[in-house]
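Can you build the whole structure from these sequences, using the hints too?
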Amino acid sequence: MKVFMLGWEFPPFISGGLGTACYGLTKAMNDLGIEVTFALPKVVDPSHSTHVKMLSPGTVIKNTVMRTTSEEVEDELKNVKIKTIQSLLEPYGSVEEYQHRYEDILRNKRMELGGIEFTEEMLVEGKNANGPDYAGDMYSEIHRYAACAVKLAVREDFDVIHAHDWMTYPAGMAVASITGKPLVVHVHSTEFDRSGEHVNQRIYDIERKGMHSADKIIAVSHLTRNTVITRYGILGEKVEVVHNGVDRSVAAKIETSRASIKSEEKIVLFLGRITMQKGPEYFLQAAKKVLSVIDNVKFVMAGSGDMMHRTIEMAAELGIGNKVLFTGFLRGDDVRKVYEMADLYVMPSVSEPFGIAPLEALNHDVPVLISKQSGVSEVLTHALKVDFWDVQEMANKIIAVLRYHPLQMTLREHGNFEVRKFKWEDAAAKCISIYGDMLLRAQPAY
Amino acid sequence: MPSVCFYFQVHQPFRLKHYTVFDNSSSYFDEFKNASICRKVADKCYLPANRLLLDLIRRFEGRFKISYSITGVLLEQLNKYCPEVMSTFDALARTGCVEFLAETYYHSLSFLYSHDEFANQVAKHVEQIEYLFGTKPRVFRNTELIYNNDLAKKIESMGIFDGIITEGADHILGDRSCNFVYSPPECEKVKLLLKNYALSDDIAFRFSNQGWQEYPLFANKFAGWINKFNGNGQVINLFMDYETFGEHQWQDTGIFEFLNHLPEEVLKHEDNNFKTPSEVLEAYEPVGTVDVPHVISWADEERDLSAWLGNAMQSNALHEVYRLEELIREAKDERLTADWRRLQTSDHFYYMCTKYFNDGDVHKYFSPYDSPYDSYINYMNVLSNLKERLAEPKPGTTAVATV
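Quick mapping for you: the protein sequence lines, in order, are chains A and B.
In this text, residue positions in the first sequence follow my numbering: the first is 1, and each later residue adds one.
In this text, residue positions in the second sequence follow my numbering: the first is 1, and each later residue adds one.
Since the hints were derived computationally from the structure, they do not count as laboratory data.
There's no promise every hint is true.
If the Cβ cut is set under 7 Å, some of the chain A residues that face chain B in the computed set are [as the list claims (entries may be wrong)]:
# : residue
1 : Leu402
2 : Tyr404
3 : Gln408
4 : Thr410
Think of the CB as a built atom: it goes at the ideal place given N, C-alpha and C, for glycine as much as any other residue.
See the structure below:
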């Protein structure tokens, strides 16, 4: 079995659950002996200046950072071929953010070329045969990406196409129509999760088209499966649920000096993108109520996002600015450290198709309080659960965890044990059996 | 021989309200929920089962006998929410074929934490049963059939009991049979009646299980199993929750039909009879001593305390509630005492059990909470309010200084 996978982000550049899921799933498929060709939009380097260099006319494209990463990953994953496609697409990127990134590149390049007036076309298009020629808006970029994917796919041999989230659906459809191979789209989130009722019609249309063109849809939870069925008009029999897993190896190292760095002050942790979908304002409202009962507690908000400034302001308005700390986006060792400090992890998401982060928290021995409006709440029993809007109950539960050590202990012990059953191997095996069923049905009947 | 001895456990706890750390009310129990559950169970079980048993007792003219243990907390609720159930129990009591057993009024685990409190609750229950049904109980059953040698000694020292009912757990009997009367070590008077868990659970748990090889179970088949013990058993102790009839096993499973035909099928064999626990103790001499140094119960596979004391939350909650004993006694406040005692009902701790939580089994079925964690949080919030009330100076004892 060979899979052409249209995915996102490989370590160490992982900004959220989508990248974690793609990597976890692919790695597990590799271990199960499945050959995967993984098409990856080239990860945008954290510093934009690198991009400027790469874009300069006449410069040989060198993407050393990316090379080494994918080579390292390839070394580890014997059955996986990683093919990067140069693209400005990023998971969770909005149309506006894309525009910003694109304009930054143009501006930087103009500066580098010493103020000489060039037209946009001269700067980015067709100057270098091997160079990237990003499209000027995200929608066009998605289609340009699809064209690149097709170019790549025709040179590859595979049985199934597997596309992750809407930005790769057009690529998946294009590859499917050229090669005639069956298409699986994997729904990690929908426009309704990201934007509530204020959906972006164009994105919705792309999602809908992708889902309808697909031969099979994989949803990360029953919650998401319901959304796919009710909001996108898909027949139930076409949608399978494959819950995500969590990588245990990450946590195995940290079991040392946990208690030693504890102070008297309790820490309640929010870790995730600070966006509408993640419910940061409910976290703050609950914090306010908690602080009306107990004082020796700090609320740490780790992450960044389009609601960051608004959230900082809100903490100040609530009069709890001195009790809420914003760390910005954390990665690697900093994530580990913040988990080590935390007494409780809270995920107050308004809409969470799955939510791998609570599993990671449990992996790090931190008990979790999750919103009932999350996919992970379907499968996790040793967690506290609350409706995201019920800030009173959220505060009630936070206080209980901070106050009653036996509660924290029982949640942690059982949770840490339970989390071991969420394995990527199982998720991968389920995907593979879905491929199998699909291929069986695709065979001509005699 | 053998005698068939039926004992039904009848109990409903006072369930707590949803109570957050922000609540400050001194009324902790969910009147609405308790009333509606009580009425529902009365309609499905207590009323139809009482009616049927009354009818059977009359039909067999003294040859069919049963026993009950009804907790004080249920009696209070029945009195308030379903008085008609009380009158049917009263009618059963007046047949003379029904024995009422004693237990802790609050269906508590007090024996494990305070022998004083335990004795008080047993005395309160004995008094209540005598008041309602006119006879003093002579046989004791502890909450969830929790038992060990110390309990036997404690019951013996109380001087009013002839026997104790407990679980016929394999590990206390070894290769001996549970179908005989036994004695506890170092006791002169009290004897033991041990539950035949295999036959009891055939009715209580397996009756409607279509995957069970004996399904469907009819009264004649069951009576046949009892007949097998002819000549090698004194008594078959069938002990179960009363809610088995109509509530755990719904009416449409045929459970009432089964019960309706059982006496006639059992009595077809002329050596068989029905006896109440006291009659069994009078009729048969103990065949040996059963030594139970460690605590047993009738719960789950393990037959131990892990359903109430299996995790840190449970032991913490129990410890915290019994820690208040002295303060409660000093406070001499009737309402505080009643609230404190209702908080001792074992169900509160059962809801906190995490043992089988993943599998969604019986523990989940009986719990009004979404999770054991929610139940612990709720309980601790209530307990914390009770502590605050205890710490408040009593009205009348302060104010003096201001004169």
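Broken hints, by number
Those not satisfied are hints 1 and 3.
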